[in-house]
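Going line by line, the protein sequences match chains R and B. In this text, residue positions in the first sequence follow our numbering: the first is 1, and each later residue adds one. In this text, residue positions in the second sequence follow our numbering: the first is 1, and each later residue adds one.
If you are wondering where the hints come from, they were derived from the structure by calculation, not from laboratory data. Keep in mind the model is a prediction, meaning the values are calculated, not measured. Incorrect hints may have been included.
BS3-like, lysine-lysine: derived pairs with alpha carbons at most 30 Å apart [what the hints assert, rightly or not]:
| hint | chain 1 | residue 1 | chain 2 | residue 2 |
| --- | --- | --- | --- | --- |
| 1 | B | Lys51 | R | Lys95 |
| 2 | B | Lys37 | R | Lys52 |
| 3 | B | Lys37 | B | Lys48 |
| 4 | B | Lys35 | B | Lys52 |
| 5 | B | Lys37 | B | Lys52 |
| 6 | B | Lys48 | B | Lys35 |
| 7 | B | Lys51 | B | Lys37 |
| 8 | R | Lys52 | B | Lys35 |
| 9 | R | Lys52 | R | Lys95 |
For reference, the chains in residue letters:
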Amino acid sequence: MPADNRNVFVNCPFDDDYRDFFYAIVFTIFRSGFYARCALEADNAADNRFDKICRIIRDCRFAIHDISRTETSGNPPLPRFNMPLELGLFLGACKFGGQAHRDKTCLIFDRDRYRYQRFISDIAGQDIHSHNGDIGTLIADLSAWLRDQRGGRNVPGGQAIRSEFAAFTETLPLILAGRGLRSEEMTFGDYCSVVTQYLVLTG
Amino acid sequence: MTKADSPLKTTRARPTSAYRPLGTLADGVVVLQPKVKPTHFTNSEIRKTIKKILETNTDDC
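Bound conformation, chain B alone (with noise of 0.2 Å):
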């Protein structure tokens, strides 16, 4: 059998999951990514100004 005979190859789609996690906690429960996005703001903007935030309230103790 040449090459061009060879029956085509179907690729079947992996199964997703529908949710994406986004980080588990101490303990144990998924937290999940929301589907829907942040309007003002990017997931990395909110993360620093968070962590900015967190980080201040520490400093503060």
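The shape of chain R in the complex, shown without the other chains (with noise of 0.2 Å):
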């Protein structure tokens, strides 16, 4: 894998109550100079789901895992899966990729630091980080985690980057009402052009 792969893969809950956190981590991520990768790049009905995700996974040297919603829900009581079979595809492609993913790293992100034991207890040993559902934490974990894997002085520290994101999550109402645009329509390509130019545009 190129030593300057700068892509992350995002693998977290897609939907509206983990909403701001993912727009947290997406903005973390180009604020800290590195490029957000996640399923939801293209929606293309042809694509099998897995088949893409391996690909985003093969093209990615780095990535963030939030397990943190694995949880029972429905009737009967079962937990979605997904997040740590993702995470399980990713410990994979280092594990067995051979030499081009074996410098693949990843930072692994939950509600409680040891909860992850009670339900997948084999990545014990793994650090295993706690944003305690608190999005400043979660900012600041990234960022700190990203400036180490590409010596990235220049990159600031997470107090900065969580009062840049304060006050573009102030800001991105008006933008998409000046698009025209409702924040439940906006598409992962969306978000990321509106971030990448309002960083340019104000940075």
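Quick one: dock chain against chain with the hints and give me the complex.
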């Protein structure tokens, strides 16, 4: 895998309850000089979702996995297991993908630091970060981790990125209103474009 | 050697970076151009919209 690979695979829920966290992750990735990739990036019904995820994982040297929403729901209560599955795919690529994938690295988030031991204890030994459901903690840990990966001394600290994200989220509804777009209509491509153009215009 | 006899020139494709920088921030961080295209507007349209909103916000202060 090329040393200048800056792709970060984002493995997290995409539902409304998690949307602010997802937006914060994507914002922090682009703000730190990296490139966010996720399963939402191409909406092609002819494309098998699993194949698409495998392709993205293959392209990414870095990944962030948030397994905090692995919890039971519905009747009978069963857990959604997409995030742990994709985490396993990424770890499998590191182990069995050969030389090209050996240097893949990832950051794993959960709500509480040791909760994962109850449902995915085989990853014990990985450094699991806990965001406690707090976006500021998520941004601080993610930006510190990204800074470490590339020795990006000029990337600002988590507190600064958190303030920038807060300012951005205040402006985002105005930007969308200016385009006659509702927030739920915004695609991943739209969001990435808004984030990057905003960063360049304000930075 | 006539022109017709000369060996064919092979042109090697210039390696291109997978990333296109969109801009460099004041602190030196290079923001990369997303590969995935926006669905509901062009980059140029969203840039104009953001500029307008930022200018309005500045005027209000």
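Verification of the hints:
1. B:Lys51 to R:Lys95: With Cα atoms ~46 Å apart, B:Lys51 and R:Lys95 exceed 30 Å; violated.
2. B:Lys37 to R:Lys52: Cα-Cα ~17 Å, so holds.
3. B:Lys37 to B:Lys48: With Cα atoms ~17 Å apart, B:Lys37 and B:Lys48 stay inside 30 Å; holds.
4. B:Lys35 to B:Lys52: Distance ~25 Å between B:Lys35 and B:Lys52 Cα, so the pair holds.
5. B:Lys37 to B:Lys52: holds, 22 Å
6. B:Lys48 to B:Lys35: holds, 20 Å
7. B:Lys51 to B:Lys37: holds, 20 Å
8. R:Lys52 to B:Lys35: Answer holds: R:Lys52 to B:Lys35 is near 15 Å, not above 30 Å.
9. R:Lys52 to R:Lys95: holds, 20 Å
Checked against the numbered hints given earlier, this structure breaks only hint 1.
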